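S.K.: Take the given structure of chain A and dock chain B to it, following the hints.
As a plain string of letters, each chain reads:
Number of protein chains: 2
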Amino acid sequence: MIEVSTPITVTLGPHRQYPIHFRPLGEVPSLMAAAGLRRGRCLIVTDDHVGPLYADRLEQALLGAGWSPRRYTVPAGESTKSLPHLQKIYDVALSWGIDRRTPVLALGGGVVGDLAGFAAATLLRGLPLVQLPTSLIAQVDSAIGGKTGINHVVGKNLIGAFHQPALVCADPETLATLPPREWTSGLAEAVKHAFIADADLLAYVEQHMPAILERDPSVTHPLIYRAAAIKAAVVGEDEREAGRRAILNFGHTFGHAIERVAGYGVFTHGEAVALGMRAALYLSRCLHPDLPLERADRLLRQIPVQGRLADLPIPSLMQAMHADKKVDGRTLRFVVLRRPGEAYVTADVHRDDVEAAWLFARGELD
Amino acid sequence: MIEVSTPITVTLGPHRQYPIHFRPLGEVPSLMAAAGLRRGRCLIVTDDHVGPLYADRLEQALLGAGWSPRRYTVPAGESTKSLPHLQKIYDVALSWGIDRRTPVLALGGGVVGDLAGFAAATLLRGLPLVQLPTSLIAQVDSAIGGKTGINHVVGKNLIGAFHQPALVCADPETLATLPPREWTSGLAEAVKHAFIADADLLAYVEQHMPAILERDPSVTHPLIYRAAAIKAAVVGEDEREAGRRAILNFGHTFGHAIERVAGYGVFTHGEAVALGMRAALYLSRCLHPDLPLERADRLLRQIPVQGRLADLPIPSLMQAMHADKKVDGRTLRFVVLRRPGEAYVTADVHRDDVEAAWLFARGELD
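Protein chains in written order, with this note's numbering: chain A, 1 to 366; chain B, 1 to 366.
If you are wondering where the hints come from, they were derived from the structure by calculation, not from laboratory data. Treat the hints with care, since some could be wrong.
What the hints assert, rightly or not - Here are some chain B residues pointing at chain A (derived, C-beta under 8 Å): (1) L53; (2) L63; (3) A65; (4) G66; (5) S82; (6) L83; (7) Q87; (8) Y90; (9) V92; (10) T122; (11) G149; (12) H152; (13) A161; (14) F162; (15) A166; (16) R339.
To be verified - Simulated crosslink set (DMTMM-like; lysine to aspartate or glutamate; CA at most 25 Å straight-line): (17) K156(B) <-> E78(B); (18) K156(B) <-> D91(A); (19) K88(A) <-> E78(B); (20) K156(A) <-> E342(B).
Please read all numbers here as calculations on a predicted model, not as lab measurements. All C-beta atoms in this analysis are idealised placements derived from N, C-alpha and C, irrespective of residue type, glycine included.
Isolated chain A (complex conformation) (with noise of 0.2 Å):
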């Protein structure tokens, strides 16, 4: 049994921490007070998939508690983390009228999250932000440790601030209107997190897969849980990304360059993710030869991803991986497993063995 009802908490220092709640959108209020906002005004953030569905709900929530809530709707979809979306929401806050406390409230997924959460990182020099996940992607992962921005032409999320919320609030519910593909970009990064920090979390996906897949929340529900849990341990420990935060990379070198060649929207996120573990794997048993390779690519395997990954030349994978911002001096580093539950960050790989993990990921090796 994983233990799912309490809270879990962020610590980032001795008295800088936040809460993680798995509660409905109507508890929101209740959770702001206790969270210590003021009640006044607060800007809701979210898209015009989202808001449709869970807006009214949240809104009416705030009302009754005593809040004056704004909405403002952005187009669902990652060309709206950008500057001129930004722009937006700088103007409809600051002529609408804020003050230091004003809150600002995501509710969406992770495009919603980035955005609005760089939006309250840079009015008025930091408001309190409220994050509202309802996508699984981001209820697991962006939705935490306070990383915010918007792409530039150059490249995804090179604009940004650290900005941890007042408090997450995944309200699980929500996952229900969910679309299947995205809900599988969410499993891939739910179970990065178990391959990288939690080997009992891994048994568990691989025991449960076909329910997993199915979405049945009392077998869902559990792995969100422990999948947020281990993501806000990884950056209590390293808040700003300094060093243990970039295990949370686990398959996004290979992932991120997938993108890049593919161009981005042909693969999702997290099935690029899923792809770049399954690369990231064969690295790790390149270097550590008990690894159990098949057992684990078998897990992976079982994620729903759409696209060929043999359309996307090796070359030009290869040449992507080093435009990655994760560049850093020059040296391109890998996250890697030690063994299942256990990942570090090395440089200390072979060409060679790069190129034969795309390979791998292709199913063009054994």
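M.R.: Relative to chain A, chain B alone:
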């Protein structure tokens, strides 16, 4: 004698501190090395007034020390603190190619420091920032403490972030080319620091005012050093402006109203603060009858101010004070002096006294 030779340290926490040096620009590369910055690319942001005078000197020193600097020049003036200019810095930096350890060097006055500082705060979620203030107001105030940001049509500095520099290096020689009105403006902020925290420095200013106005370096340097040290101490106690840092706003509730009503640029910020401090002193004496108002006011009247406060209607000024972003939950707050060198924040003032303070600052009351 005021000690001026050792660097000032801004201490924000047990492992978070940075130095403020008063050294020639040619020494910047060795100070950067001492601050742990890794040699490689660095981006210099300057403006078209300061750049032609000092950027070559800085670049030569950086090249000589093995750095690869790139210069980006913005137009001088407050209108440069805008989203379009910020976006150009993003474009230049990201298309050039930077990584998370690429420093941004802000060579100029408050505008360059705020704009380049905000770019550094938000590129790759935070690059190392080197503040190289060349104006008096930047050397004693704006380059210290980590406030960065840009303006919005609704008001000044409404978009920004706290981003502490890795180091500050103020070259005293750059002040020689400062236009007279910018000198005056900076002087007002330096005197403000004496009023709020250092009665000895206030006596020093009183004693040496003629030489200070003539910009005699042997007299002004100790003032600048001590004024910077006061700013460093206050922000060290309250990095995010949660409490004590608000005393730095002495004269600013009045001053911001003057700037707003007159239209930005009619009075310099320092001129508005000089007038605002006269009003704030009057208000302080209403609460503390022993305050030596005449003596303090005599000092402030020696700071030259262009523009006539008497041209601004008092009802407009009263209204503008309420629009200031320091309005916090609808309560207007003022920084007042208990005695020279000791300031605190209060909301407990009478409207009649505030109106009388305006009359006093206009010279229409004794």
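S.K.: State for each hint whether it applies.
M.R.: Going down the list of hints, with the structure as the test:
1. L53: Cβ of L53(B) sits 31 Å from chain A, so the hint is violated.
2. L63: It is violated, given that the least Cβ distance between L63(B) and chain A is near 20 Å, above 8 Å.
3. A65: Check failed: Cβ of A65(B) comes no nearer than 18 Å to chain A, outside 8 Å.
4. G66: 14 Å, violated
5. S82: 11 Å, violated
6. L83: 6 Å, holds
7. Q87: 6 Å, holds
8. Y90: 6 Å, holds
9. V92: 11 Å, violated
10. T122: 5 Å, holds
11. G149: 6 Å, holds
12. H152: 5 Å, holds
13. A161: Because about 6 Å separates A161(B) from the closest Cβ in chain A, which is inside the 8 Å limit, the hint holds.
14. F162: Since chain A brings a Cβ to about 6 Å from F162(B), closer than 8 Å, the hint holds.
15. A166: 14 Å, violated
16. R339: 30 Å, violated
17. K156(B) <-> E78(B): 9 Å, holds
18. K156(B) <-> D91(A): With a Cα-Cα distance of about 13 Å, the restraint between K156(B) and D91(A) holds, given a limit of 25 Å.
19. K88(A) <-> E78(B): 22 Å, holds
20. K156(A) <-> E342(B): Distance ~49 Å between K156(A) and E342(B) Cα, so the pair is violated.
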